[in-house]
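Asks: All chains, full assembly: derive it from the sequences and hints.
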Amino acid sequence: TSAFEGIIKSTDEKYPGLLSAQDKDELEKIKDKYPEDSLDSIVEIIRKLIEEKDELKSDDLIMCANESIVKGLQNKDKYAYFFYPENYKIMIEDYSGHISGVGMYVNQIDEKIVVVKPIENTPAYRAGIKADDVIMSVDGQSIESKNIDEVIAVEKERDYYEHLVERQTALIIITEKKRSDLQEIYNQKFTLLTSAKKNTTQLEYLLRQQEAEAKMIEAYLASLREGSFSGKFLWPTVRGRISSGFGYRNYPRKAFHYGIDIAVPYGSPIFA
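For the sequence shown, position 235 (counting from the first letter as 1) is numbered 235 according to the UniProt record's numbering, and the numbering increases by one without interruption.
Certain hints may be false.
Label-pair restraints from in silico Cβ distances [said to hold, decoys possible]:
1) Lys78 - Ser20: 50 to 56 Å
2) Asp110 - Glu51: 24 to 30 Å
3) Tyr84 - Glu26: 27 to 33 Å
4) Lys53 - Ile119: 45 to 51 Å
5) Ser268 - Leu39: 45 to 51 Å
6) Ile217 - Arg241: 45 to 51 Å
7) Asp261 - Tyr15: 30 to 36 Å
8) Ile242 - Gly17: 14 to 20 Å
9) Lys53 - Glu120: 52 to 58 Å
10) Ile119 - Glu13: 23 to 29 Å
11) Ile90 - Tyr34: 31 to 37 Å
12) Leu221 - Ala21: 34 to 40 Å
13) Gly140 - Glu13: 32 to 38 Å
Here are the simulated DSS-like pairs of lysine-lysine, each with C-alpha atoms no more than 27 Å apart in a straight line [said to hold, decoys possible]:
14) Lys48 - Lys189
15) Lys33 - Lys53
16) Lys9 - Lys57
17) Lys76 - Lys189
18) Lys9 - Lys29
19) Lys215 - Lys57
20) Lys197 - Lys9
21) Lys89 - Lys33
22) Lys9 - Lys24
23) Lys78 - Lys215
24) Lys146 - Lys33
25) Lys57 - Lys76
26) Lys29 - Lys48
27) Lys71 - Lys48
28) Lys48 - Lys78
29) Lys130 - Lys112
30) Lys146 - Lys71
31) Lys215 - Lys71
32) Lys89 - Lys117
Since the hints were derived computationally from the structure, they do not count as laboratory data. Quick reminder that beta carbons are idealized off the backbone N, C-alpha and C, glycines included.
Replies: Right, dumping it as structure tokens:
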């Protein structure tokens with residue numbers, strides 16, 4: 001999946017109907033001007049979307065582009081994963097060795113939260129929780145529709161909990177990875193995350209640079225309107241009122257104006 005496809009897919013999912021077929025064709029033409037997933041193409045596509053679609057934010061589009069780039073690596077690297085900030089925080093907690101909550105390892109199997117094993121001298125161990133037990137509720141609330149991350153979050157935040165256990169007759173085989181294997185996976189993921197963060201920083205720098213250039217142009221035009229320019233601008237007619245300046249304007253549609261419109265009385269001479 002290319003960064004371009006990721007940006008389009010994410011925009012369609014979050015804002016159905018926002019991008020027309022013509023919008024997508026114009027973005028496709030921008031993409032085709034550059035090598036695949038080049039930073040220049042991503043910056044220009046994001047800038048185009050932000051200019052024409054007020055609903056879109058640059059941070060969201062950059063995150064979608066990074067996710068698609070990392071997913072594109074999965075064919076060559078099975079450990080290539082992209083983490084949003086909230087998912088990355090959960091992963092770091094998993095590898096930190098810090099124990100919180102009721103004190104047990106759990107896994108999600110067939111949409112059920114299954115106990116792998118309780119940790120000795122913890123509330124779960126003392127309450128008689130055993131391996132292969134199925135957690136049915138937490139603090140009196142059913143967890144049938146929740147995923148494992150939601151259940152773990154609830155257990156960490158509540159000091160008090162209740163649970164109903166449904167014993168399973170079938171043996172559930174859980175393979176626990178050795179810490180060294182997990183550390184190796186973590187190191188590879190960390191390298192990918194560092195690379196993604198570097199790309200994000202470069203994209204943000206290029207966007208800031210373009211914004212600064214736009215502000216310089218606006219200041220330059222303001223000096224023309226205020227008459228403080230050095231005199232190098234040659235008026236093509238008698239000095240009149242600048243009715244439309246060079247740069248972005250919002251009416252009748254948001255677009256870039258490449259000239260300067262000057263309002264003068266009808267019949268005024270034009271100097272060439």
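Asks: The structure should be examined with respect to each hint, and the outcome stated for every one.
Replies: Each hint, compared with the structure:
1. Roughly 38 Å separates the CB atoms of Lys78 and Ser20, a value that falls outside the hinted 50 to 56 Å.
2. A C-beta distance of roughly 48 Å is found between Asp110 and Glu51, which places it outside the suggested range of 24 to 30 Å.
3. Look at Tyr84 against Glu26: about 29 Å separates their beta carbons, and that is inside 27 to 33 Å.
4. At roughly 50 Å, the beta-carbon separation of Lys53 and Ile119 lies within the given 45 to 51 Å, and the hint holds.
5. In this structure the supplied range 45 to 51 Å holds for Ser268 paired with Leu39, their Cβ-Cβ distance being about 48 Å.
6. Range check, Ile217 to Arg241: Cβ separation about 20 Å, and the 45 to 51 Å hint is violated.
7. A hinted range of 30 to 36 Å holds for the C-beta pair Asp261 and Tyr15, which are about 34 Å apart.
8. Taking 14 to 20 Å as the suggested C-beta distance range, the pair Ile242 and Gly17 does not conform, at roughly 38 Å.
9. At about 56 Å, the CB distance of Lys53 to Glu120 agrees with the hint of 52 to 58 Å.
10. Hint check: Ile119 to Glu13, Cβ distance near 39 Å, so the stated range 23 to 29 Å is violated.
11. Ile90 and Tyr34 have their C-beta atoms about 35 Å apart, which keeps the hinted 31 to 37 Å range intact.
12. About 35 Å separates the C-beta atoms of Leu221 and Ala21, a value consistent with the hinted range of 34 to 40 Å.
13. As the Cβ distance of Gly140 to Glu13 is approximately 35 Å, the hint placing it in 32 to 38 Å holds.
14. Under the criterion of a C-alpha separation no larger than 27 Å, the hint pairing Lys48 with Lys189 is inconsistent with the structure, at around 32 Å.
15. The straight-line distance between the Cα atoms of Lys33 and Lys53 is roughly 22 Å, inside the 27 Å bound, and the hint therefore holds.
16. Distance restraint check for Lys9 and Lys57: the Cα-Cα separation of roughly 15 Å lies within the 27 Å cut-off, and the hinted pair is therefore satisfied.
17. For a cut-off of 27 Å, the pair hint linking Lys76 to Lys189 stands: about 14 Å separates their Cα positions.
18. Between Lys9 and Lys29 the CA atoms are separated by roughly 17 Å; this keeps the pair inside 27 Å, and the hint holds.
19. Taken as a hint, the Lys215 and Lys57 pair is honoured in the structure, with Cα atoms around 19 Å apart against an allowance of 27 Å.
20. This hinted pair checks out: Lys197 and Lys9 have alpha carbons roughly 21 Å apart, not beyond 27 Å.
21. The hinted pair formed by Lys89 and Lys33 fails the criterion: a straight-line CA distance of about 38 Å is larger than 27 Å.
22. As the CA atoms of Lys9 and Lys24 are separated by approximately 11 Å, the hinted pair is consistent with the 27 Å bound.
23. Using a Cα cut-off of 27 Å, the hinted pair Lys78 and Lys215 is violated, with the two alpha carbons roughly 45 Å apart.
24. Using a Cα cut-off of 27 Å, the hinted pair Lys146 and Lys33 is violated, with the two alpha carbons roughly 45 Å apart.
25. Annotation: proposed proximity of Lys57 to Lys76 is violated, straight-line Cα distance about 31 Å (limit 27 Å).
26. Our distance criterion of 27 Å between C-alpha atoms is met by Lys29 and Lys48, whose separation comes to about 12 Å.
27. At most 27 Å may separate the alpha-carbon atoms for a hinted pair to count; Lys71 and Lys48 meet this at roughly 24 Å.
28. With a C-alpha separation of about 34 Å, the suggested pair Lys48 and Lys78 falls outside the 27 Å cut-off, and the hint is violated.
29. About 15 Å separates the Cα atoms of Lys130 and Lys112, which keeps this hinted pair within 27 Å; it holds.
30. Of the supplied pair hints, the one linking Lys146 and Lys71 holds, its CA atoms being roughly 26 Å apart against a limit of 27 Å.
31. About 36 Å separates the Cα atoms of Lys215 and Lys71, which puts this hinted pair outside 27 Å; it is violated.
32. Only pairs whose Cα atoms come within 27 Å are accepted, and Lys89 paired with Lys117 is accepted, the gap being roughly 23 Å.
Of the hints listed earlier, those the structure fails to meet are numbers 1, 2, 6, 8, 10, 14, 21, 23, 24, 25, 28, 31, in rising order.
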